[in-house]
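2 protein chains.
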Amino acid sequence: MINYKGIQRVIITYVSPQVDNGQFPAKAAINESITLSADIFSDGHDEISASAFIKKPNGEEWTELPMNFVINDHWAINLIPDQIGFYEFRIEGWVDHYKTWSKGLQKKYEAGQDIRVELQIGAKIIEQAANVSTTNNTKLLEWSSSLINPANPADAVQLATSDEVAAVMYHYRHPAAVTSYPSTLKIEVERKKAAYSTWYELFPRSASPDPGKHGTFKDVIGLLPRVAKMGFDVLYFPPIHPIGEKNRKGKNNSLTAGADNPGSPWAIGNRKGGHKAIHPQLGTLKDFKLLIKEAKTLGIELAMDIAYQCAPDHPYVKSHPQWFKWRPDGTVQYAENPPKKYEDILPFNFETDDWQNLWSELKSVVDYWIDAGVTIFRIDNPHTKSFFFWEWMIGEVRKVHPEVLFLAEAFTRPRIMERLAKAGFNQSYTYYTWRNTKSELEEYMTLLTKTDMRYYYRPNFWPNTPDILPPVLINGGENAHIMRLILAATLSSNYGLYGPVYEYGINKPHGAKEEYVDNEKYEIKHWNWDEYTRIGEIITLINRIRRQNPALQTTWNIEFGATSNDQIICYAKADLRSGNLLIVAVNLDVFHTQAANVKIPFEKLGIKPLQNYIVHDLLSGEKYRWHNEWNYVQLNPYQMPAHVFKVEQL
Amino acid sequence: MINYKGIQRVIITYVSPQVDNGQFPAKAAINESITLSADIFSDGHDEISASAFIKKPNGEEWTELPMNFVINDHWAINLIPDQIGFYEFRIEGWVDHYKTWSKGLQKKYEAGQDIRVELQIGAKIIEQAANVSTTNNTKLLEWSSSLINPANPADAVQLATSDEVAAVMYHYRHPAAVTSYPSTLKIEVERKKAAYSTWYELFPRSASPDPGKHGTFKDVIGLLPRVAKMGFDVLYFPPIHPIGEKNRKGKNNSLTAGADNPGSPWAIGNRKGGHKAIHPQLGTLKDFKLLIKEAKTLGIELAMDIAYQCAPDHPYVKSHPQWFKWRPDGTVQYAENPPKKYEDILPFNFETDDWQNLWSELKSVVDYWIDAGVTIFRIDNPHTKSFFFWEWMIGEVRKVHPEVLFLAEAFTRPRIMERLAKAGFNQSYTYYTWRNTKSELEEYMTLLTKTDMRYYYRPNFWPNTPDILPPVLINGGENAHIMRLILAATLSSNYGLYGPVYEYGINKPHGAKEEYVDNEKYEIKHWNWDEYTRIGEIITLINRIRRQNPALQTTWNIEFGATSNDQIICYAKADLRSGNLLIVAVNLDVFHTQAANVKIPFEKLGIKPLQNYIVHDLLSGEKYRWHNEWNYVQLNPYQMPAHVFKVEQL
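For the protein sequence lines, the chains are A and B, in the order given. The first sequence begins at 22 in this note's numbering and counts up one residue at a time. The second sequence begins at 22 in this note's numbering and counts up one residue at a time.
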């Protein structure tokens, strides 16, 4: 006896989405279309059919979705998930003898061949279906017998090839002949905020209206209407915990802090508490909860910073010395990257024998703040903690709180950033900050949106952060700030700004470093929140454009168009369901007016090229009549470095 | 208790070679280098190490091969297999505390820092290794204590970072901290013929020296010295079995055969026997075995055609009617592609309930001819038989006879051709026959050699077959025959010709079809084997060049060079072990002289660009002095459409 797959003839391969062979779920967002696809084929010339089966979160039943043949053995079906949580899907394919027969019958009939024996063959196929059918037995037997004794051949052919018969016959398959793809795959469907969010970062300690005073949560409550009016829906704070006093850093990261230096918020913990405590000068837990509540009423979620590291005077160091590395001289091991030393920070030792208690405690920090109302966490330097810890922690948290989102703050090598995303991070910082030229931007967007990364890595674009002042902002001033803002906000549906500094166009570097001098990380700032800035006005405008145009609320729909000038980048985004189509053209040269012919990538967007249409610039309000694919743009960076056109069809 | 991966910190991903997640073995050839690689990384800044472990065919032990860091978390090691059969490999990675420490020590020492405590830390790491070491205990304890009490810091640093200590310390890892890639993967190592072979196809029935006589195996024995002299090492015959008499096809595939029409050898079986019988006019089994033996003495292997299909009078139809499809009118189902009919051929029904006996019988056909001495099978139309049958059959045969090779004769859609190769076929026909332009050829070669296909699909390039006379040969005459021959023979290490027709440059099509008129498939031909032809001379020459230049004995080493003229294609192949470097330039225009500047892709070949070198054209014998990367070629297709340069370095 040969022990093998017998009469199975269909092969199913290259099933998508599938992350690392199904080791991780693919990511999707509620109400956002995702394509299930596979290459499916059989030997020989027989017709095949294929179905995807999906099971919803907490569902019991599998729903069958017949797949569509696309091209070259590729089959696909679109799914628009309407629940958050883990969907499952599997795929089956089979040789479809009814379909083979009915197509052959049609051709033979059209070629004028004698089809009497053919009709008998079909009658037998339908009769076999009747024999196993409980619901359609009578109907099938009727069809079968009307084919054996047809009134006339034309009617028989019409019946045999009718949609009605095809629909019923779709369900009858010889079980031993069905090929099931061996894995059941998972799709993690997240709430819309995972896919579309607009972040504003500020240091609450700099929120006071009074110069020289330490800001408080209450001060931030006063700023919420301003943040909302600018169109942000996530307000992100650096850590809010007590700051280490031992080895505290002074202004500009100096080794010695003056008595009035507040220290870096990322040096977490002192005698007043650690990761579950609040810096006393910011306010109380009650104030914090009130802030979260007030923000919510304005459509803003608070994102909290989780930095799993300790100042030397963090309570953990005494209560859980086994979580740190100790040196032969009895001192604790600081963070270092030889020969550099970071003496205000102690890393956790993830190789401790007590790793289980360490993991539990770290997770309890997140749980604590979720209980306080936090729904989004920005995780500091996740790439310096065990990948398996993240996989476990995020998985456990989201089992109970599927609405909670984690942003990975890793700016490191590609494989590491990818793996953190696979481990469960819902959003990730990116290399956008350093992608400047047309080819760099196109290549990076293609990697993010047209490769498997699209299924696990959800980018969040930041033109700046408290740690990063890139050369383009240093050199290009206000023009560059506006250009990089518009790019971030239109390339990626998730983007964010380290706020006040960006609004004011502050761009003085710390010597030769790509960092802000007099960095807010080490000192309290005072901002004049009421001052008008042009950058602020454009932030408000671009965020409104994002809100009003669904095409900008997903990252995956981008298509680039050719341009006759490398200083001009052009891309289009379409939301086919609502008919919303945007065309963006940006002048990447921050000093000179540039012009180009740009080609609108209608075909790649899945749209028939328009012959004659109006493009309405949502930034300037101007309208132009455009024709066909190639059109002309000219952009002066001192006026406005970009067009964000909405296409108004004629 | 958290049940998870604990202190493991290393991630291993994108392991290569790996075909469909390890579902199929990767293919390699004996003595041909294959790279084992993976992306391997850890969180944080610690150093890591990684090893591949390999087990040879029938071996018991795993051999550890330390992997080398390449770039961006990519690690690799080359393996040159020296046995045929299934190798297994797996990969492990771990955080290497010794390496982290010794590199940090070096940097701190160079920065003038106090390293006393550092030396104590290292002494501890080495002492821990000593505690678990059986073979190096004494040595490790000695090193450890000499670091605790160093005579002077410089000596201690030198010892700590020495190759000797590093080599010993490589073997000590905390078992719980080692990450093992979860799959053990397989590599099927085949004999050299799988990777490098030169095929000549002839119909033995046309081998007679006497016009009008049916050729015999004995006649073919007489031709063997000619085939060997031309440089072929595989002689391939269409089927040699009795030919069906019922519905036999006449000349030019006509529906009615005359009494003296021999029929198509692919319509297998009549009352005299089936797939295990020999056509009586060809000779006896004894003659056939003698032919195999004589061929072997000349370095030629016989490739037999296996076509799993039956003429209507094949003995199986009566003895095993359950293996065929029967129609309601009592007739047997012919092959068809509605409305076309193929009445001289009955396909097997792979959905028969008796599939196990069918599979056994089909395999027994191969076994029968292996017993007769056949070592290579060319399988006709494998894409019309169940994929799982091939997987089983080839797997079972090669378990016992790993030297036996199977060539898949499928010219169909990409996924199907790929899957047959994955299922075990050792070589495959390709789309080469229809790839004509520079971009078509470069794109196709890149697909074959620079993607995962390289690990499962071994191409065999045929400029023509009895079924296929492509337009380039119809239109381009002798010039095209020479050009397409040189391309096939230098692009692919496996290539073949449907011989006599090619040598004579016969290229008259059957009407508008891309087929030979008066096709040898349906009639016996007479060839004047002694006639000189220019094509024959160049075949002999190019085959000798292939034999003398190891760079042409693998397909994977191809690198294309830019050219200033799309009518000229240029590529180079290097065998780095022997220092053999060939540069090929071909004029794709069969009617006009073309010239181009061509860029030798030294960098892609892994060779430092040569400044000043001699290129020796192995076709014409001419030599040129070339400089640097860009050089000039001019090719007249009426003289010789190609240069095949051997680089002779100065």
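To be clear, the hints were calculated from the coordinates, so they are not data collected in a lab. Values in this document were obtained by computation on a predicted structure and should not be read as measured data. Heads up, a few of these hints could be off.
For chains that are exact copies, the list does not tell them apart, and a pair is met inside one copy or across any two.
Said to hold, decoys possible - Derived lysine-lysine pairs resembling DSBU-like cross-links, with alpha carbons at most 30 angstroms apart:
| id | residue 1 | residue 2 |
| --- | --- | --- |
| 1 | LYS625 | LYS471 |
| 2 | LYS145 | LYS160 |
| 3 | LYS310 | LYS214 |
| 4 | LYS26 | LYS384 |
Which numbered hints are broken by the structure, listed smallest first?
none
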